[in-house]
Every structure is written in structure tokens, then in C-alpha cells.
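Model the full assembly from the supplied sequences, consistent with the hints where possible.
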Amino acid sequence: MSFQEHEKQHIEKNVKRKLTDTELQILAAEWSEHCSYKSSKKHLRMLPTTGPNVIVEKGYDSGVLDVGDGFVVTVHIESHNHPSAVEPFGGAATGVGGVIRDILSAGTRPIALFDGLRFGNIENDAHARWLFKNAVSGIADYGNCLGIPTIGGEVEFDECYKNYALVDVAAVGFGKKSKLIKNHANVDDLVLLIGGSTGRDGVGGSQFASDALEGEDRSAVQIPDPFIEKLIIEAILECRDANCINAMKDLGGGGLSCAISETAESLGIGIELDVKNVHLRESDLSPDEIMISESQERMLIISDPNNLSKIKEICDKFRIQCSVIGTVKEDKMMHVKNGDETIALLPADFVARGPLVDREKSKPEYLSKLPSSPSSKSEMSFSDILLKLLSSPNIASKHWVFRQYDHEVGIRTVIKPGFNGSVLRLDNGKFLSVKIDGNPKHCYIDPRQGAIGCFEEACRNVVCTGATPIGMVDHLQFGNPEDPEIFWTFMESIEGITDFAKFLDVPCVGGKVSFYNETSEGPIKPTPLIGVLGLIEKSPLLPIPPSNDDVILLVGETKDELGGSEYYEYIHNFIGGVAPKVDFSESKKNMKSVLSLISKNLLKSVHDCSKGGLAIAISELCIFGKIGCKIDLSSSLSYEKMLFSESHSRYILIVNKNNLDAIKSILSDDQCSFSEIGIFSGDQIIFESGSNQILELRVDKAENNYLNSLGKIIQNG
Amino acid sequence: MKVGVIVFPGSNCDRDMHHVLTDVFNLNAEFFWHEKNLPQDIDAVVLPGGFSYGDRLRAGVIAAHSPIISDVKKLAEKGIPILGVCNGFQILVESGLLPGVLLKNESLNFMCEWTNLIVNNNQTPFTNKLELNQKIPIPIANGEGRYFVDDESLNELKKNNQIVFSYENKVNGSVSQIAGVCNSDGNVVGMMPHPERAAEKAINQIDHKPSSLIFESLIETVGMKN
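Chains as they are written, first to last, in numbering that gives the first Met the number 0: chain V, 0 to 716; chain S, 0 to 225.
Take these hints with a grain of salt, some might be off.
Using C-beta positions, here's what the derived DEER-type ranges look like [said to hold, decoys possible]:
id: 1; chain 1: S; residue 1: 100; chain 2: V; residue 2: 125; range: 31 to 39 Å
id: 2; chain 1: V; residue 1: 675; chain 2: S; residue 2: 27; range: 52 to 60 Å
id: 3; chain 1: S; residue 1: 77; chain 2: V; residue 2: 700; range: 53 to 61 Å
id: 4; chain 1: V; residue 1: 123; chain 2: S; residue 2: 105; range: 25 to 33 Å
id: 5; chain 1: V; residue 1: 595; chain 2: S; residue 2: 100; range: 53 to 61 Å
id: 6; chain 1: S; residue 1: 64; chain 2: V; residue 2: 282; range: 27 to 35 Å
id: 7; chain 1: S; residue 1: 35; chain 2: V; residue 2: 123; range: 54 to 62 Å
id: 8; chain 1: V; residue 1: 428; chain 2: S; residue 2: 35; range: 30 to 38 Å
id: 9; chain 1: V; residue 1: 123; chain 2: S; residue 2: 100; range: 37 to 45 Å
DMTMM-like cross-link-like pairs, simulated, lysine to aspartate or glutamate; straight-line CA separation at most 20 Å [stated by the list, open to error]:
id: 10; chain 1: S; residue 1: 35; chain 2: V; residue 2: 315
id: 11; chain 1: S; residue 1: 200; chain 2: V; residue 2: 536
id: 12; chain 1: V; residue 1: 175; chain 2: S; residue 2: 22
id: 13; chain 1: V; residue 1: 132; chain 2: S; residue 2: 105
id: 14; chain 1: V; residue 1: 311; chain 2: S; residue 2: 34
id: 15; chain 1: S; residue 1: 35; chain 2: V; residue 2: 233
id: 16; chain 1: V; residue 1: 316; chain 2: S; residue 2: 29
id: 17; chain 1: V; residue 1: 132; chain 2: S; residue 2: 112
id: 18; chain 1: V; residue 1: 360; chain 2: V; residue 2: 484
id: 19; chain 1: S; residue 1: 1; chain 2: S; residue 2: 215
id: 20; chain 1: S; residue 1: 35; chain 2: V; residue 2: 312
id: 21; chain 1: V; residue 1: 429; chain 2: S; residue 2: 22
Per the computed footprint, the stretches of chain V lying under chain S, defined by three or more beta-carbons under 8 Å from a beta-carbon of chain S, are [said to hold, decoys possible]:
id: 22; stretch: 143-153
id: 23; stretch: 308-319
id: 24; stretch: 405-412
Keep in mind that the hints were calculated from the coordinates and are not lab data.
Quick reminder that beta carbons are idealized off the backbone N, C-alpha and C, glycines included.
So, in C-alpha cells, the structure goes:
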């Protein structure tokens, strides 16, 4: 625990006395990068956060979107990177638990989970495989037990995550607008701690996460208990229905210190609490440890004293513990007592609002040194290249992962994981489409365009299901922000995301920043992750497999953008070139036109074109339909670029011949760039240009590589 | 007709089952917390899926000692139709109402996927509207779903026509690919796959009718009695 010079000055200026040990511990937890966002807070304000669907309330940890008919959807995203890199099962599981409680805090029931996972190269690194397998098990164990379906996500492998792991979890909640918790408190209200007992696990977790990962500080990793979490969810929702909750907050990073100070600050109240009243797992916990323990499955509730007996009755039903730990005061102070002795007494806003810092930024030197193209050509034929790409762990089917997640429970999952966005039915007859996307390979080469690209890709995916994007969440993951070069990449990303969000009019309804993602091997590549929620008013476009004679249209322009592509990195082992850049007006035009084609029932299905380029997107469709295709690649670009460039804003439309003219005329009217590139038929994936055959691959061979590669790598131990 | 849906701490398919019984099949379904009593005039009981007691010790074993199980046993003796799905099946097995045990899947992983069931016995209250050997597309979602009995008991099951459903393909290593069984009277049925996840068109784009027939069989059975 240490404070920086400006923090010491801030303390001296505001508190005219020597701080107690407890106060120092509380401030160290709350002012860590993890809790205070001291490097990023100023800059996050640039993101647009309001819109016609957005509901804003005091003290919410999740974003709330109005989906009509008196219903709301809530969403939040979190990561648990440091803990998962040390203990992947527990780290990933507690990551799920934390984000679920943020959804619960608003008074909504969690209905779906999504996760974005990143590890080192699992093909040659046994440790990366171990991290991957156990993180997946941890998520499965926790989410399945709760009965919250994990319905989508993404997995990516890159050398930059060697000895490390990124575990990002997004959760979606659903409920009635009238039952949202309107956080408020009156003087003499009770402060309750409900759920799991407080122990020594996770002590100092937020500080652990606010530094580079150097040692394995196991005591900083929290221990998961999904059964308790499940009981808490049901108990809290019963308390909500009985109108017993005035205000509520999850205990996450920084434990009680953070929850108490932030609740008091956001509601403009004081809270006096006695650590002796906190129910403990270990009897010899010190008051300081109680204040900063990050033990899981705990919720803080503020309630009217008249409701205490009802809350106790509900907690008794579920056999979970409920302690009255304090009361609400008028004085806006955070007052911590140990019996009769005061051990901390500080203004709540002083604790909750840690001093922010201005970080320097400078364009990283590596960017000007990246080569523009590989020095030699691959000796492999395009057919062999495609076959190899299909087995790349970044492209191959993630069936091995999502079959371990219960993605059906809750019986809302209309479009299952594994194809574009996933879709949930809502109680008002509408549908919610959700997708999360990241692309560190693009972001490394161009942090601004890469971040915008992740955002556009997630939008594209929900558009493919027929949904209009209504909100986004972002999770910005970088190395040490004190390094000006890393901070520059952060600023580029957030500025890019802001520009695109404003242009599309899609508000940011939640997010998180995670710095210090580095090991002794160095920082990770910039890894912003964007989650997009889309709303479907009538019915979603289901993924129907293509069949014989279906025509293939490609909407959007394929550009000379192989930089950061899976083709360059997996086939050529080459990092460099020009990364894809989103053309804002092309992006908007294409989204709008595809949505209008879907609403007119003119399309059989739509597939997003992204990682691996056109060759992979077409192959995925052929594998899905167990049918071949014949594609004409004639273009002014080279075959290599046409096949594998990962240019954005592209959609593959699968259409019935009879609708072709109608579709073409709408696309032309909307001034979209498009071309009819071929048809589905036979049992070979064929790309040609005039009489020149470029690529030929049997669908069953492609299918074998695509479906089985990931499982085979895992079986190797 | 009144159907009781039992809720144990950790049940998580209770609300799904209730939704299907009430909103899809217009039955009068009511939740019963595991410490409450079941009314003796109830027409049918469903033990839904989930992770009762977090699957601690062994899936279903703690819930099998819940107070409500003694009521379930009394109703079973009276011939009332009782259905256990997934964790509900595990609880029925652990409470001795159904034969056999459910072990960890052969893959040692949790498995969530769609599979085809084959109807082996269409004489139970939950299968009487299905054809013998009819295929049911349906999802499974479990970690401990591998049905096991010894050879002697297996012969007994076959002799008494107690195998209700089997998987069309090898899924998890179950003996004789068994997916569901009944007691010797045929009124208590347990199955690992989830009919409540397959009985609506919106979430089952393959064919929701076969799973619907599981619920319609119950309506037929109880309707005839009343």
C-alpha cells in the first residue's frame, strides 16, 4: 500500500490530521486505479451516454435501456484478468458472479451472459491451454449453476497474452420499469449486508489488479460460490417485490470500503457502520481486512427499519445471512467503528472521489516501424491456405467452448451461439440481439481504427439478426497507463469509439477500463472490447442454412486492408500492413439497407464478413449448409486481398433467385456498393476469376478442420 | 387440474417449467417451496431442473432429503403422475423413487446440445400421446447425466418396460443409451433432456410438436381421470 505524491498532498490538504491505519487501507483500496478510474475518468466523459432509450438513475452499476411496454433491459461488462491469470477457474467464475450482481443491483433479473476470452498461443503453449480450459470450466460451473444462459462471446489467442488471460464477462438483465430500484435513503435507514460471509479471500484485490502481474498473489483471488449467488438472486428479487429495498449495491472491487463510500457519496448521505456486526468466515479477521476483503456473493442494502423483519424472513427462507451493519446519517461522513471505537471517519465524497491524474501520451515508436507487407510470398496454394486458416484456433468453431455452457436455460434463446449475434425473446414480444467483439490484432496496428472496427463488427452482427443497435458497452483493456505510449493507444481507442458512437447515435450505457494488463513479458496489445445491444420489434432473421441455387450477394467494399488479418498473422507470421478502416457513411448506409431488406422479408439469411475475410465467411456458410459454392473473384484487387482482407461494413446476403431484382434495386436506391458474386451448389468451395480457378476445396474437408481443430488441440493436454 | 412445481434451493428451470405449463398448455401450475407440504388433492407433480444445493456432494442427493419428498413419495404411491427433469430426475433417483444412478458424463464436461430421443414406452402419463419409436428433438444440459444400472437391473427395467426414452446416438455413455426411465407402476417418470425447452416453436426451430406431446399426454391422463 503506497500513495503517490499528489495523493499525499490531496490527503494533507483535506484531512488536517494523521490518518488511522484503517483509513489508509480504505483510501488505498478506493483510490486504486481499479476502483477510482484515476487515469481514465476524465476521458470517459467524452462518450455519449444519453439517448431516447436510456434510463439514468443514481448509483447504478449497470446501464438501463427502455425496451417499451413497461420493460427494461440492463447491461454491464466487467473483467477479471489478474485473478484469472493466477487461478483461471476461480478468477473466471468470480468474474461472472460480480457482473451478475451489478445487474441485480438495479432490481432486474439477470437473463444472459456473454464472455470474451483471450489467452496465449494454445497450439504451442501448455500453460495457455491450462488457462483456457480452466477459465471456460469456471464460467460454465458458475453460470450453469445459476441458471443464467451463456449465449455468446468470443475467444481469441495471441502471443501477447502469454502467461496471462483476459476474461471479460457481460451480463444482460430484464425486468419491469416499475420495479427498478430507485436508489434513495432516509436518515436512520438501516444498512444491511446480505449473502456470503466475509473472509480473507480477495484482500487487496483491487490493488493487485492495479499493478502489473508479477507474482501469484493467491490471497488476492476470490473464491466462487455460485450456490450462494443463486440464493442471493432469488432473495433479493423477493425483497424487491416486497418493496423492502431503498437502495442497493454490489460488493466488488474494494469490498465494503468501496460499496459504503460510493453509496453514501451517490445518495448524498452519511453511513455509520460497525465492523463487529459483519458476519465473518474467519473469526480473527482484523477490522482493516473486513473493510477491504473482496469476498464474493455479498450485497449491500439500505432499507427502512420497518422492513427489517420482512427481509430477515426472506433471508431465512433461503438460509442466507443478513447482518445489520450500520445506519444512514445526515452528515455525509463514512464512519467506521469497531465496537465503541471509531477507526475511520472521513467525508464520503473524499473517499469515493479519488484524485484524478493527467497521464502523458505519445505515439508509440513501434507504429512507425511496422513493415507494410510480408517480404516473401507463401508457397502454399490458396486451397491449402484456406484449409489451414479454418483450423486456426481464432477461426475454428468454438463449439467445444459453448457446449459447456448452458445456453438454453431461461427458454429465451431464439438464436443460439455460434453464428452472428445471439437473440433472446423478451416478455413484450420483442427480441434482444447481443454481440461482443474485440480485435487486438487490428488494434495493435491502428488503435483508433481497430477500436472503431470492433464496434462496427458488433453492430454488423446484431444487424444480421434484424436488430437495430440501441446501446453499447465498452471494456477498454490496456497495459500500464503510466507509460505514455500505452496511454496514447488508450486515448486513440476511446476517441475512435466516441466518434463512431456519436455518428451512429448509439449511446454508451456502461463500461469499464482495465489497465496494468501486463506481465514480465510486457504489455498486452490494446484490447478494447465492445458489446452492442440491438432491438428487434417483430421477428428475428433466423440463420437458415444455404441450399442449392441460392444466390450470394456481397454488400460493402473489399479494400486493400490485410494488416492485422488472420491471414497475415497465421499464414505469414507477419505483423504489419494497413488495418481495416471503417468508412462511417458506408457503414451507416449498409446497416440501414440490410435492415430494410430484412424487414421486407427479402433475405433468406445474412452473414457477417470479418475475421479471415470473404474466404472464411463463405466457407462458414458452406459448412453450415453442407453445400459447395462457386464464387467469381474478378476485381481490381489481387486475389489474396479479395479472399482474406478483413474490411468492415461487409455483409453476405443469401437470397432466393426470385427476390434478386427487388433486392438489387433497393441496394442501388440506397447507394450501397454491392455485387452478385456467385451461387451455392455442388460439394466444393470454388473461387474463380473468369476461366481461372483460384481455389477449390471440398466442403467436407473444410468442415472437418473447422469443427474439430479446437477440440483436438485441447485433447493434447 | 392442478400441477405442483417443486422449488428447491438452487432449482433454476422452475420458472421455465411453470411458464410452459401455464402459458403454453393453460394448466393451473403452482410453485411449492421444498419446505412446504404438497396438497394431497394435487393432480400431478413436476421436479424441475437446476442445481439443487449447488450439486454439492452429488447431484440431487441433498434435495432428496428435503421435507417435501415424503409428500412426493405418498403421491407416487397413490399413482399421481410425477415427472422429474434433469436435476429433478437426479433427485427422484437419489430418493429411491426411480432405479439407477446418474454419473458424470463420459466427456467429464458439462454438455449442452440438441439431440434426438426415441420413445421406448408410450404407456406412461407423460408419453401416451407419443408413438412408439417416435423421434423427439430436444436439448440436454447436464454434467451428470450418464444413466447407469447393473446388468441385472437393466434386464429388470427391460422386462418391466421401464425404459421410457433413449438417445438416438451415443451422447454421454449412458447404459443402453437410456435418457429416461419410469417406476414399475409407470406413474413416476424421470428424464435428463428438457421438454420445457423444446415445446415452443420460438425456441425449437427443428420441431416442437413431439415435446409438446409430453405435456399433452399429461393433460390427456389427468383429464380422463377427472
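Structure-based check of all given hints:
1. About 35 Å separates the C-beta atoms of residue 100 of chain S and residue 125 of chain V, a value consistent with the hinted range of 31 to 39 Å.
2. Here the CB-CB span from residue 675 of chain V to residue 27 of chain S is close to 56 Å, well matched to the stated 52 to 60 Å.
3. About 59 Å separates the C-beta atoms of residue 77 of chain S and residue 700 of chain V, a value consistent with the hinted range of 53 to 61 Å.
4. Checked against the given bound of 25 to 33 Å, the beta carbons of residue 123 of chain V and residue 105 of chain S, roughly 29 Å apart, stay inside it.
5. Residue 595 of chain V and residue 100 of chain S have their C-beta atoms about 56 Å apart, which keeps the hinted 53 to 61 Å range intact.
6. Between residue 64 of chain S and residue 282 of chain V the beta carbons are some 30 Å apart, a value that agrees with the proposed interval 27 to 35 Å.
7. Between residue 35 of chain S and residue 123 of chain V the beta carbon distance is about 57 Å. The supplied range of 54 to 62 Å therefore holds.
8. At about 34 Å, the beta-carbon gap between residue 428 of chain V and residue 35 of chain S stays in the expected band of 30 to 38 Å.
9. Restraint check, residue 123 of chain V to residue 100 of chain S: a C-beta distance of roughly 41 Å satisfies the suggested window 37 to 45 Å.
10. Using a Cα cut-off of 20 Å, the hinted pair residue 35 of chain S and residue 315 of chain V holds, with the two alpha carbons roughly 14 Å apart.
11. Proposed proximity of residue 200 of chain S and residue 536 of chain V is supported: the alpha carbons are some 18 Å apart, at most 20 Å.
12. Taking the CA atoms of residue 175 of chain V and residue 22 of chain S, the gap is near 19 Å; set against the 20 Å cutoff, the hint holds.
13. With a C-alpha separation of about 17 Å, the suggested pairing of residue 132 of chain V with residue 105 of chain S holds against the 20 Å cut-off.
14. Of the supplied pair hints, the one linking residue 311 of chain V and residue 34 of chain S holds, its CA atoms being roughly 17 Å apart against a limit of 20 Å.
15. Restraint check: the Cα-Cα separation between residue 35 of chain S and residue 233 of chain V comes to about 17 Å, which is no more than 20 Å; the hinted pair holds.
16. Annotation: proposed proximity of residue 316 of chain V to residue 29 of chain S holds, straight-line Cα distance about 18 Å (limit 20 Å).
17. As the CA atoms of residue 132 of chain V and residue 112 of chain S are separated by approximately 19 Å, the hinted pair is consistent with the 20 Å bound.
18. Of the supplied pair hints, the one linking residue 360 of chain V and residue 484 of chain V holds, its CA atoms being roughly 6 Å apart against a limit of 20 Å.
19. In summary, the hint linking residue 1 of chain S to residue 215 of chain S is supported, as the alpha carbons are separated by about 14 Å, within the 20 Å threshold.
20. The hinted pair formed by residue 35 of chain S and residue 312 of chain V meets the criterion: a straight-line CA distance of about 15 Å does not exceed 20 Å.
21. Proximity of residue 429 of chain V to residue 22 of chain S is assessed by CA-CA distance (about 17 Å); at most 20 Å being required, the pair is judged to hold.
22. Proximity of the stretch 143-153 of chain V to chain S, defined as three or more residues with a beta carbon under 8 Å from a beta carbon of that chain, is established by the 4 residues found.
23. With 3 residues carrying a beta carbon less than 8 Å from a beta carbon of chain S, the stretch 308-319 of chain V meets the three-residue requirement, and the given coverage holds.
24. For the stretch 405-412 of chain V, the proposed coverage by chain S is satisfied: 8 residues have a C-beta within less than 8 Å of a C-beta in that chain, meeting the threshold of three.
Consistency note: the structure conflicts with none of the earlier hints.
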